Amino acid sequence: MEKAIKKYWPIFVVPTVAAFCIGFLWPFLQGLYLSLCKFTTLKKITFVGFENFKYALTDPEFAHAFWFTAAFTVVSTIFINVIAFTIALILTRKIRGTNLFRTVFFMPNLIGGVVLGYIWSILLNCVLSLLAKPLLRLDATYGFWGLILLMCWQQIGYMMIIYIAGLQSIPNDYLEAAYIDGANSWQTLWRVKIPNVMPSITICLFLTLTNSFKLFDQNLALTGGEPAHMTEMLALNIYNTFYGRSGAQWKGYGQAKAVIFCVLVIVISMIQLRATRSKEVQQ
Amino acid sequence: MVTHAQRLKNGITTALLALLSLAWVYPVVMILLNSLKTERAITTKGAFELPTAETFAGLQNYVDALNSKGFLSAFGNSLLITVTAVALILVCCSMCAWFITRVSGKVSKLIYFLFVFSMVVPFQMLMFTLSATADKLNLDMPINLCIIYLGFGAGLAVFMFCGFMRSVPVEIEEAAMIDGCNPLQTFFRIVFPILKPTLISVGILETMWVWNDYLLPYLVLDRKKYMTVPILIQYFQGSFGRIEMGPMMACIIMTVLPVIIVYLACQKHIIKGVVAGAVKG
Chain A
0 MEKAIKKYWP IFVVPTVAAF CIGFLWPFLQ GLYLSLCKFT TLKKITFVGF ENFKYALTDP
60 EFAHAFWFTA AFTVVSTIFI NVIAFTIALI LTRKIRGTNL FRTVFFMPNL IGGVVLGYIW
120 SILLNCVLSL LAKPLLRLDA TYGFWGLILL MCWQQIGYMM IIYIAGLQSI PNDYLEAAYI
180 DGANSWQTLW RVKIPNVMPS ITICLFLTLT NSFKLFDQNL ALTGGEPAHM TEMLALNIYN
240 TFYGRSGAQW KGYGQAKAVI FCVLVIVISM IQLRATRSKE VQQ
Chain B
0 MVTHAQRLKN GITTALLALL SLAWVYPVVM ILLNSLKTER AITTKGAFEL PTAETFAGLQ
60 NYVDALNSKG FLSAFGNSLL ITVTAVALIL VCCSMCAWFI TRVSGKVSKL IYFLFVFSMV
120 VPFQMLMFTL SATADKLNLD MPINLCIIYL GFGAGLAVFM FCGFMRSVPV EIEEAAMIDG
180 CNPLQTFFRI VFPILKPTLI SVGILETMWV WNDYLLPYLV LDRKKYMTVP ILIQYFQGSF
240 GRIEMGPMMA CIIMTVLPVI IVYLACQKHI IKGVVAGAVK G
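Chains as they are written, first to last, in numbering that gives the first Met the number 0: chain A, 0 to 282; chain B, 0 to 280.
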């Protein structure tokens, strides 16, 4: 059978792989090379070696974007997962209207980042102006917490769905056994429920981690990096380095930053792979 | 007595959840209310105020958005891009995934590895080179964008299809081949129907991504001629000078409403698809 299928490779494999080369592989390799060059268009490229990386690693704005992103990632990951898990716990108890609540909480996920950012900038600016505080684009602290709120509103529903699926897959016998043995609900939560949904927890942690780390649309629409690049996250910083300035050196700097960003994301994903694999072995 | 306390507790939880879900839908309701106000009544401070007899504008903002702000063409472009891209991804990637799971060898392994690798790489890494490549190949029209989406979205799709196909027994396919089907017939008559649950999951995840994607179409499309819905909304905000808040809010509502309707109609599939995607991804 294998031989028969093999003959059909032009039909089965070529369309996807060709598109993959255009849409991913070639731009990726070219991007790697260009990070070592100075260029404004692809017609005029001069090789400069590691010059761009030297700039990127000493750029204070890039460093600030990194720390801002890291802080945002940690805070949003904790908030989203704790709240999502709590709601999932409540919704898996037999309560009236569970389906309706689940529907409502998941809804913001389907709205795109740019639209979400816009909706929340109107809402938060109204609250801030009623409180006579500076608007989102004028104060970095409000910008940070605004982003956190927006991210929670969007992501909690998604993570909640995954946690609910995890909680529902716990065999009823375990819970009954715990009840018969006299465990109270707090003990059942820590000794039975949480260990059994560990795979869901790992998945959700890393989903929120990478989502927050790579955030772009929401950042662009809600604060746009204002004031003075203070709420600029890594992805937006790279974008602004590329398209926000004119000058022959900036595109190369931007590409070098993008390579660094890419390496960081790959490292996070590798840790994720490790973590999920070791969990699978335990079970 | 115990049941009474229990009932009270449940009642309180339900009430709290109801309050929380009201807070959850409030932002969208707020935009809806504002989209019905006249231009002058929409201010930063007054976003929470309900429209009154004086400030009520009826559907004027919607008419404006449809007539002069290019909403219809943006919506059409978004729809065209999403439908073609997702259809292409589903057909091509499932075929490719079947081939690399059924034909073992180094080439298959390499292709699989590259696909999985592409899932990890952030878009910023290739945004400049990708838009330059697309320009060179004249892919800057909405209908051609599906090729780029096929390339960039292939990773997740192939990964999920491969994961499912490994669990499908080969015997059915072998039987079909012995009965005289060629590989193409075997795939479309036997394998494709079996794949249906995964096709739905992948379709939903890719639709959510393509429909809401902002940066890729913004960089690749010929911006003077074509817009998608996210680009249009960002354009309202980013453009200098006076922002016309009324039509913009109307645009937001007209973007969000169809999504919510589709979601309410096929909720079950969407939630299942998300869970399946997360567990495998």
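Any given hint might turn out to be false.
[What the hints assert, rightly or not] Cut-off 30 angstroms, straight-line C-alpha distance, at most; resulting in silico cross-link-like pairs (DSSO-like, lysine-lysine):
{"#": "1", "chain 1": "A", "residue 1": "K2", "chain 2": "B", "residue 2": "K195"}
{"#": "2", "chain 1": "B", "residue 1": "K105", "chain 2": "A", "residue 2": "K93"}
{"#": "3", "chain 1": "B", "residue 1": "K271", "chain 2": "A", "residue 2": "K192"}
{"#": "4", "chain 1": "B", "residue 1": "K8", "chain 2": "A", "residue 2": "K192"}
{"#": "5", "chain 1": "A", "residue 1": "K37", "chain 2": "B", "residue 2": "K135"}
{"#": "6", "chain 1": "A", "residue 1": "K37", "chain 2": "A", "residue 2": "K213"}
{"#": "7", "chain 1": "B", "residue 1": "K108", "chain 2": "A", "residue 2": "K5"}
{"#": "8", "chain 1": "B", "residue 1": "K135", "chain 2": "B", "residue 2": "K223"}
{"#": "9", "chain 1": "A", "residue 1": "K42", "chain 2": "B", "residue 2": "K8"}
{"#": "10", "chain 1": "B", "residue 1": "K195", "chain 2": "A", "residue 2": "K5"}
{"#": "11", "chain 1": "A", "residue 1": "K5", "chain 2": "B", "residue 2": "K223"}
{"#": "12", "chain 1": "A", "residue 1": "K213", "chain 2": "B", "residue 2": "K108"}
{"#": "13", "chain 1": "B", "residue 1": "K105", "chain 2": "A", "residue 2": "K6"}
{"#": "14", "chain 1": "A", "residue 1": "K37", "chain 2": "B", "residue 2": "K223"}
{"#": "15", "chain 1": "B", "residue 1": "K267", "chain 2": "A", "residue 2": "K213"}
{"#": "16", "chain 1": "A", "residue 1": "K43", "chain 2": "B", "residue 2": "K135"}
{"#": "17", "chain 1": "A", "residue 1": "K42", "chain 2": "B", "residue 2": "K271"}
{"#": "18", "chain 1": "B", "residue 1": "K223", "chain 2": "A", "residue 2": "K213"}
{"#": "19", "chain 1": "A", "residue 1": "K43", "chain 2": "B", "residue 2": "K224"}
{"#": "20", "chain 1": "B", "residue 1": "K267", "chain 2": "A", "residue 2": "K192"}
{"#": "21", "chain 1": "B", "residue 1": "K108", "chain 2": "A", "residue 2": "K6"}
{"#": "22", "chain 1": "A", "residue 1": "K93", "chain 2": "B", "residue 2": "K8"}
{"#": "23", "chain 1": "A", "residue 1": "K93", "chain 2": "B", "residue 2": "K267"}
{"#": "24", "chain 1": "B", "residue 1": "K105", "chain 2": "A", "residue 2": "K2"}
{"#": "25", "chain 1": "B", "residue 1": "K108", "chain 2": "A", "residue 2": "K2"}
{"#": "26", "chain 1": "A", "residue 1": "K42", "chain 2": "B", "residue 2": "K195"}
{"#": "27", "chain 1": "A", "residue 1": "K213", "chain 2": "B", "residue 2": "K135"}
{"#": "28", "chain 1": "A", "residue 1": "K43", "chain 2": "B", "residue 2": "K223"}
{"#": "29", "chain 1": "B", "residue 1": "K195", "chain 2": "A", "residue 2": "K6"}
{"#": "30", "chain 1": "A", "residue 1": "K213", "chain 2": "B", "residue 2": "K271"}
[Said to hold, decoys possible] Calculated from the model, a selection of chain A residues having no Cβ within reach of chain B, i.e. all distances over 10 angstroms:
{"#": "31", "residue": "C20"}
{"#": "32", "residue": "T45"}
{"#": "33", "residue": "G96"}
{"#": "34", "residue": "Q186"}
Hints were generated in silico from the structure; no laboratory data involved. The structure presented is a predicted model; accordingly, all values stated were derived computationally and were not measured. Virtual Cβ for every residue (Gly too), placed ideally from N, Cα, C.
Results for each hint:
For the suggested pair A:K2 and B:K195, the alpha carbons sit about 26 angstroms apart, so the restraint of at most 30 angstroms is met. For a cut-off of 30 angstroms, the pair hint linking B:K105 to A:K93 is broken: about 52 angstroms separates their Cα positions. A threshold of 30 angstroms between alpha carbons decides the hint, and for B:K271 with A:K192 the separation of about 22 angstroms falls inside it, so the pair holds. For the hint pairing B:K8 with A:K192, the CA-to-CA distance comes to about 21 angstroms; that is within 30 angstroms, so the pair holds.
Proposed proximity of A:K37 and B:K135 is supported: the alpha carbons are some 20 angstroms apart, at most 30 angstroms. A hinted pair counts as satisfied when its Cα atoms are at most 30 angstroms apart, and A:K37 with A:K213 qualifies at roughly 26 angstroms. Distance check on the hinted pair: B:K108 and A:K5 sit about 14 angstroms apart at the alpha-carbon level, within 30 angstroms; holds. Between the alpha carbons of B:K135 and B:K223 the distance comes to roughly 17 angstroms, so the proposed pair stays at or under 30 angstroms and holds.
As the CA atoms of A:K42 and B:K8 are separated by approximately 70 angstroms, the hinted pair breaks the 30 angstroms bound. In summary, the hint linking B:K195 to A:K5 is supported, as the alpha carbons are separated by about 24 angstroms, within the 30 angstroms threshold. Straight-line distance between C-alpha atoms of A:K5 and B:K223 comes to about 45 angstroms, which puts the hinted pair past the 30 angstroms bound. With a C-alpha separation of about 28 angstroms, the suggested pair A:K213 and B:K108 falls inside the 30 angstroms cut-off, and the hint holds.
Note on B:K105 and A:K6: the hinted pairing holds, with a Cα-Cα distance of about 16 angstroms set against a maximum of 30 angstroms. Our distance criterion of 30 angstroms between C-alpha atoms is met by A:K37 and B:K223, whose separation comes to about 28 angstroms. Proximity of B:K267 to A:K213 is assessed by CA-CA distance (about 29 angstroms); at most 30 angstroms being required, the pair is judged to hold. A distance of roughly 15 angstroms separates the Cα atoms of A:K43 and B:K135; the hinted pair therefore holds under the 30 angstroms criterion.
Distance hint between A:K42 and B:K271 is unfulfilled; the C-alpha atoms sit about 48 angstroms from each other, more than 30 angstroms. For the hint pairing B:K223 with A:K213, the CA-to-CA distance comes to about 28 angstroms; that is within 30 angstroms, so the pair holds. Between A:K43 and B:K224, the direct Cα distance comes to roughly 27 angstroms. Compliance with the 30 angstroms bound is thereby established for this hinted pair. Proposed proximity of B:K267 and A:K192 is supported: the alpha carbons are some 25 angstroms apart, at most 30 angstroms.
Distance restraint check for B:K108 and A:K6: the Cα-Cα separation of roughly 18 angstroms lies within the 30 angstroms cut-off, and the hinted pair is therefore satisfied. A distance of roughly 12 angstroms separates the Cα atoms of A:K93 and B:K8; the hinted pair therefore holds under the 30 angstroms criterion. The straight-line distance between the Cα atoms of A:K93 and B:K267 is roughly 19 angstroms, inside the 30 angstroms bound, and the hint therefore holds. Only pairs whose Cα atoms come within 30 angstroms are accepted, and B:K105 paired with A:K2 is accepted, the gap being roughly 15 angstroms.
For the proposed pair B:K108 and A:K2, the alpha carbon gap of about 17 angstroms is at most 30 angstroms, so the pair holds. This hinted pair does not check out: A:K42 and B:K195 have alpha carbons roughly 46 angstroms apart, beyond 30 angstroms. Taken as a hint, the A:K213 and B:K135 pair is honoured in the structure, with Cα atoms around 28 angstroms apart against an allowance of 30 angstroms. For the hint pairing A:K43 with B:K223, the CA-to-CA distance comes to about 25 angstroms; that is within 30 angstroms, so the pair holds.
Between B:K195 and A:K6, the direct Cα distance comes to roughly 26 angstroms. Compliance with the 30 angstroms bound is thereby established for this hinted pair. Straight-line distance between C-alpha atoms of A:K213 and B:K271 comes to about 25 angstroms, which keeps the hinted pair within the 30 angstroms bound. With a minimum CB-CB distance of about 7 angstroms to chain B, A:C20 fails to clear the 10 angstroms threshold, and the non-interface call is violated. Listed as outside the interface, A:T45 is consistent with that label: its C-beta sits roughly 16 angstroms from the nearest C-beta of chain B, beyond the 10 angstroms cut-off.
With a closest Cβ-Cβ approach of about 6 angstroms to chain B, A:G96 is found to fall inside the 10 angstroms limit, against its non-interface label. With a cut of 10 angstroms on Cβ distances, A:Q186 stays outside the contact zone with chain B, its closest approach being about 19 angstroms.
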